Each structure stands twice: as C-alpha cells, then as structure tokens.
Amino acid sequence: MPKILLVEDNEMNRDMLSRRLQRKGYTVVTAEDGEKGLSLARSEAPDLILMDISLPVMGGWEVTRLLKADESTRHIRIIALTAHAWVTDREKAIEAGCDDYDTKPVEFGRLSEKIESLLTVKK
Amino acid sequence: MILQNLSIKRKLTLITMLTSSIALVLSSVSFLIYDLVSFRHLLSQDLMTQAQIIGYNSAGAMEFKDEPAATATLSAFTAKEDIVTAALYKPDGKIFARYSRGKAAVPAFLPSHLQVKGYRFEGGFLEVFQEVTLNGEHVGTLFLQSDMRQWNSRAKRYANILLIFVLVSGLFALFVSSKLQGLISKPILHLEDTMRMVSSNKNYAVRAVKKYSDEIGRLIDGFNTMLSEIQQRDTALQSTNGELKTRTQELEEEVFQRKQAQEELSKAKHAAEEANRAKSTFLANMSHELRTPLNAIIGYSEMLEEETRDAGKIENVQDLKKIQAAGKHLLALINDVLDLSKIEAGKMGLHLETFDVPQVIEEMVTTLQPAAAKNSNSVNVRVAENVGTMKADITKVRQILFNLLSNACKFTDHGTISVDVDQIKAEDKECIQFRVSDTGIGISAQQRQNLFQEFAQADSSIARKYGGTGLGLAITHRFVQLMRGQINVESEPGKGAVFTVQLPTHIAMETTESASSQGTSDAPAKFSETKPNLDTILVIDDDPSVRDLMSRFLTKLDLRVVVAANGEEGFRLAKEIRPLLITLDVVMPECDGWTVLNRLKSDKELAKIPVIMVTIVDNEARGMDLGASNYLIKPVQRDRLAVLVEKHRIARSSGITDADASPFTYVGEGPAGRKTAESKVSRSRRN
Chain A
1 MPKILLVEDN EMNRDMLSRR LQRKGYTVVT AEDGEKGLSL ARSEAPDLIL MDISLPVMGG
61 WEVTRLLKAD ESTRHIRIIA LTAHAWVTDR EKAIEAGCDD YDTKPVEFGR LSEKIESLLT
121 VKK
Chain B
1 MILQNLSIKR KLTLITMLTS SIALVLSSVS FLIYDLVSFR HLLSQDLMTQ AQIIGYNSAG
61 AMEFKDEPAA TATLSAFTAK EDIVTAALYK PDGKIFARYS RGKAAVPAFL PSHLQVKGYR
121 FEGGFLEVFQ EVTLNGEHVG TLFLQSDMRQ WNSRAKRYAN ILLIFVLVSG LFALFVSSKL
181 QGLISKPILH LEDTMRMVSS NKNYAVRAVK KYSDEIGRLI DGFNTMLSEI QQRDTALQST
241 NGELKTRTQE LEEEVFQRKQ AQEELSKAKH AAEEANRAKS TFLANMSHEL RTPLNAIIGY
301 SEMLEEETRD AGKIENVQDL KKIQAAGKHL LALINDVLDL SKIEAGKMGL HLETFDVPQV
361 IEEMVTTLQP AAAKNSNSVN VRVAENVGTM KADITKVRQI LFNLLSNACK FTDHGTISVD
421 VDQIKAEDKE CIQFRVSDTG IGISAQQRQN LFQEFAQADS SIARKYGGTG LGLAITHRFV
481 QLMRGQINVE SEPGKGAVFT VQLPTHIAME TTESASSQGT SDAPAKFSET KPNLDTILVI
541 DDDPSVRDLM SRFLTKLDLR VVVAANGEEG FRLAKEIRPL LITLDVVMPE CDGWTVLNRL
601 KSDKELAKIP VIMVTIVDNE ARGMDLGASN YLIKPVQRDR LAVLVEKHRI ARSSGITDAD
661 ASPFTYVGEG PAGRKTAESK VSRSRRN
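Chains as they are written, first to last, in this note's numbering: chain A, 1 to 123; chain B, 1 to 687.
By construction, these hints were calculated from the structure, which means they are not laboratory data.
Treat the numbers as computed from the prediction; the structure is a model and nothing was measured.
Ideal Cβ placement from N, Cα and C applies to all residues, glycine included.
Take the hints with a grain of salt, since some may be wrong.
Calculated Cβ distances over 12 angstroms to all of chain A for the following chain B residues [as the list claims (entries may be wrong)]:
1. Ser21
2. Ser27
3. Lys90
4. Gly102
5. Leu244
6. Ala268
7. Met303
8. Ile361
9. Leu482
10. Thr505
11. Ile577
12. Arg622
For lysine-lysine, the following DSSO-like pairs were computed, each having C-alpha atoms within a straight-line distance of at most 30 angstroms [said to hold, decoys possible]:
13. A:Lys114 to B:Lys328
14. B:Lys556 to A:Lys114
15. B:Lys321 to A:Lys114
16. B:Lys425 to B:Lys391
17. B:Lys186 to B:Lys156
18. B:Lys279 to B:Lys342
19. B:Lys604 to B:Lys279
20. A:Lys24 to B:Lys321
21. B:Lys313 to A:Lys24
22. B:Lys556 to B:Lys601
23. B:Lys634 to A:Lys68
With the hints as constraints, model all of the structure from the sequences given.
See below:
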C-alpha cells in the first residue's frame, strides 16, 4: 500500500488524520516539525506527503522547496494543508512546488479524493 | 523771536510799561517844548524893552558925540548877567560906543545892514537891534547880544525834572502793572498747571478753578467740560477694558477646556481604536484557536461514525452525525465572526482578479445542488449571453452567491429557485446583476428593516427551525459594499423573495495602496487576507526603482506594500499603519536611514516593529547597535529577503515579541544561530 508522510505539529490532528488514513489502508509515518519531516521524507521515501504549512523549526514552504530541489525526493507528491479557512490560493502552493493543496479543517472525503487522484497519476 | 517767547507775565508787564512810558514821555516833551518856546519869546521881548530904554537914554549922547556918556549908559548892562556885548553904531555903521562882558569881542561894524530893528537867534545867542532916534531923526543903532543863560539853565532843569518824573512814574507803573497782570496771567497759569497735571498723571478727576467770568473763565469752563467728558469716556473705556479682559480670560479658559476635552477625546478615540484593534486581534486569534479543537471534534466524530457504521451500530451513527453537524455549524459561525471582525477592523482587503462569470455560476449551482434537493426545490439558471468576465474578488463573489443561494434553498420547500445574471448599466457604470429569487416563505416589511444587520435573523424562531448564524446576509451586505456594489431585496410574506446584487464589472483598486500592488493585483496568491495586522510591509527608499522592485517582489509573497520616498514620510507611515516590518535604506537625502532607525527604535510603540536594513553601505555593526533586526546589502538576494519576511511573519503571528524574536534575526550567521533562533519560534502553538 502507498506510504504517506504526515507532517503536522498538532498532536490531535496528527493522531486523527493518521488513524483515518490507516483505516483507508495507507501506511502512515508522522513528523511533528519541518526538520523531522524533511529527514523522514529522505529516509522513509513515502509516496505522498501531507504538509502542514505553519510548522515550527522549519516552515512547510521551506521543507517543500528543499524536497523539490533535491533530485532524490523531487518525485514525492506533496499536498499542502493551510490553516486558513477559505482562501483559494492553489497557485501559491503549486508555485512553492506542492502538487495540491487543501484547507484545514480537513474535509476527509475531499482530502482522500485528492490523495487517491495524485497517487493514481503517479502510477 | 525772543519777545514772543516771553512768559505772559512778562509780556503783560512789558506792554503796560511801554504804553505808559511812551504816553508820559510824549506829553512831557510837548509841555517842555511849549514852555521853552514861550520863555524864549518872553526873553526876547524883555531884551527889546531894555534896548528901547537904553536907546532912548543914549540918543542925546549920540547927537552930541559924547562918547563917554554913551559908554557910561551902556555899562549899566553889568547888572544884567546874560548881556554879553552891547554897542552903539553911528548911522554910517561905524562903532560909537561899546560894552562887553569879559573878553567877548564886539564887531567893529554893524553886523548886518539889513537888520535895523528886531531880534534874531544866531549861534546860540539872542541878538537885538534898536534904532536910536532923536526928535524923529535917526542918529544910530543899538546892538545887544544875550547868551540866553536863563533859558539854558531853565531847559536843563526842566530836562532833569522830566527824567526823574519819567523814572519815578515808570517804577510806579511797573509796580502797578506787576500787581494787576495777575488778573490775566494767574488764571492762565493755573489752567496750564491743571493741564500739565492731567497730561502727566493721567488724572482726569482734577478741575481748573474759575475766578472770573471773563474769556479766560469761559476757557476754563470749556476745559473743565472737556475734562469731564474725557473722564466719562475714560471710565467707560476702563469698564469696557475690564469686561474685555474678563471675556478674554473666559475665552482662554474655554479654549483650554476645549483643548483638554479634545485631548481626552483623542485619548478616548485612541483607546477605542486600540480596544477595537485588540478586539479584532482577539477575535482573529480566538477563531483560530477555536478552530483547532473543533477540527479535532469534527474529525474524530467522522472517524467514529465510520467505525460505528462498520460495526453495524446504526442508532449511534445518528448521534455522531448530530455532533458533526453541530461542529460544522459552530465552524461556520466562527468563520463568519472572523469575517465580520475583519470587515469592522477595516482589514478585509480586496484581491481582484479577472474571472469567467458563467463558470462561477455553474460551480455555485453545482455546489448548492444537494441543499436544493434537500427541500425538493428545483433550480433555474439563466445567464445572459453578453455576460463574460468580470474583475472582482472571486472569493467574495462566491460567498455572496453562496449565502443568497443557500438562504433561498433553506427557506423554500417544494418550490423553485431562479438565478438570473445580466450585464447592465447602473449610474453610468458597467455592472453585473445577480438576481436570486425563490418561492419560499418570504420576508415581511418589518423583517426587511434589519435584514442586513449582524445576528438579526428575521425571526428568532427561524433560527430554531432553519438554523444559520444570522451573519450571512450581514456579511453579504458588507462584501457588496466593499466592492462598491448594491444589494436590494423585494419580498412579500408567503410569496418568496428576490435578492438583487449589482457589482461593477471592473472594480478599481483603492488608491491608498501602493501603485505596484495594483500592478500585480491580478496575482491570485493572497494569504494576507487571513492575517490581520501582519500583511503590510513598509519600504523606505529614496530610489523609485528599488521601491518598485521591492514592492513587486513582496506583493508576490502575499504582502501589502506601502512605500515611502524619504525618512520623514517613512516614520509617519510607520506610525500610521504599524506594518509587520520595515525595510530601510541608509543613504537618503535629508533624513538618512540611521536617523529613521534611531527614531523608530526610540518610539515606544514602534520599537517592536522589526527593521531590515537594505543598503549599499556595509556597516552591519552600526545597524545592529541601533536595533535593526537584519542587514541586507544591495543588490538584495530575494530568497534571503523572503526567508526573513516569512520568519518575522510567523514570529509576529505567534505573538512573540521582538525581544524573543531577536535571536533569529541573525539567520544569516550560520546553522547554529539559526537553530537556537528557530527553536524559540517552535514554542508557539499552531494547528
């Protein structure tokens, strides 16, 4: 099954999202800050990353840029999650190198659709 | 003239003296002349009588040529002191006998043949001629010469007496006139004294004393009348002056009080603004903080629902759905409150882009399809053919349509909802008109009054029956206003409602924003909207090209950019807008960057705003000493600036003060410094 790296600093959100993704059958790895997220992305080689944008230590945009700049991690799909309710700035996320973007609070149905479609494209 | 400048006293004395002396001298002299003339006449008559007598007595001696007898007769003149010479002349003119006093010479011949009888004054002498006859026959001539000694002495005496008389009477006149001139001069001098007193002491209460009812008396009367008039005016003036002073004092007091009131007002205003800002920040933070646990509630309830459904416990699924619905309602409420607080704080900006209107309508209708189906409503959509693109804030247009459509769906049961979109011209402006009509419960006239007010659903029972936050129409109304549009409602209870929204096809950007931000207003990336307070960067640089480049670049990072061309303007703008951070050039005319930095850092309110120095001057130490957060050398590395801005933005939104944030301002110094810095940031919570 595809492996998903969830980078999220809020413990509850991390727990909830990872459990729901696991229920969907994904393998889930979690990181609570940008730096750990970066190192896990390199060591675990996930198929997709769910990236919170406002992260401690290293921000989501920066981690994304670093991953997309690295030849070995460039292929990993990244979905950015922003805390801002209804700002439609898909393009900003894509400019930073994200493959897609979604807003928090996460609507799980919508998010899993996005995950599936990205993973399908990859295949 | 000396005479004219004499005092009145002297003038009066002088006039009296001159007049009396002239009169005296004239009368005395005329009297003297008369007396002397008549006395001389008397003398000559007397001498002629003597000559007749002597002539008669010496006629016999002349006839008989008796010279001794004749000489004896003539010598009788020795008794007469004034007779100087006497002589008898024969008819042929030769001298016959003589007499002379002292050595006086006697002419040998008759001095004048013309003179036979009579007298004459010659050389100070009186000369008398007397014919000597005997029995009617001419026998000779008698000649007498008198030196008029009596007359001379008399004239001398008279002159002396006259002189003494003139002197004595002059002295007397002086005495009298000096006594009497007081009659005229004293009142005048008194008047003068009074006048001097008035003019030097400004004392208008004194009066000149009137003694006589002459012209001077009248003058004094007039003077006194004038004085009393002046005194009256002076008193009136002084009282007016006093009034004026009192009034001025009152006015000053009033001005002072008003100033105080104004200060208090401005303090109150400042406090109110501060409170409002605090409220908005609080609301924004609260909404943000509330969302995090809510997120978890919704998420976990969804998860539980799935698990429960899988386990086949259908009765619990309904309860979990209720938790979800309540959570979602709460979330909508929080979002609406956040929107409203931003609108009220004036932080709701417009992010304009050009988009296709029919496409948006289609999206919205698709989104609302489930809501319409819930109450078995059908939806009719009509978009006029001439409707194409519009330039507006697409998010807000969507939300306006969403609110109107979801309301229509909510309040209509088994009815029809129509959406009509037209391109129209309203007040000479090209507008797109959205009309959402339904066949639902409608709105009464009374309910329409506060339809667009916050938390004012048409009826409190409606909230119970239909749900909703009561903020939807208020937000819709504000959004329409923000885009310079109009919203209207027509409705009758039971017959449905028609909401009409007109929005300008091309909304012009507010001119208060920098020109460059307008230039990139089509850029879709706009995170700033959800970051109240933290979306503005102030760029202070005197070089227009640098300002332009910086603002273009920063706008791309979702920041609102305000530019200032000099230090003074920069300081003023910093105070006015309190930006997230300031980029500051050093080399500027008049007020250079160091000065601006110093002023910013010594201002209590502005000191917390981070300042990034952007300059060609390589003096990082000075910048840091003065309190700059970072130091970038021109030409600016964009990536580095972007990283710095992002750091400051995160630091500020997490509520870290400048003191806390200062370590990570040294990001450029190496990985070690960065690590400590960023670990500080990590203390802040976020979802």
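Of all the hints numbered above, which does this structure not satisfy? Sort the numbers upward. 7, 17
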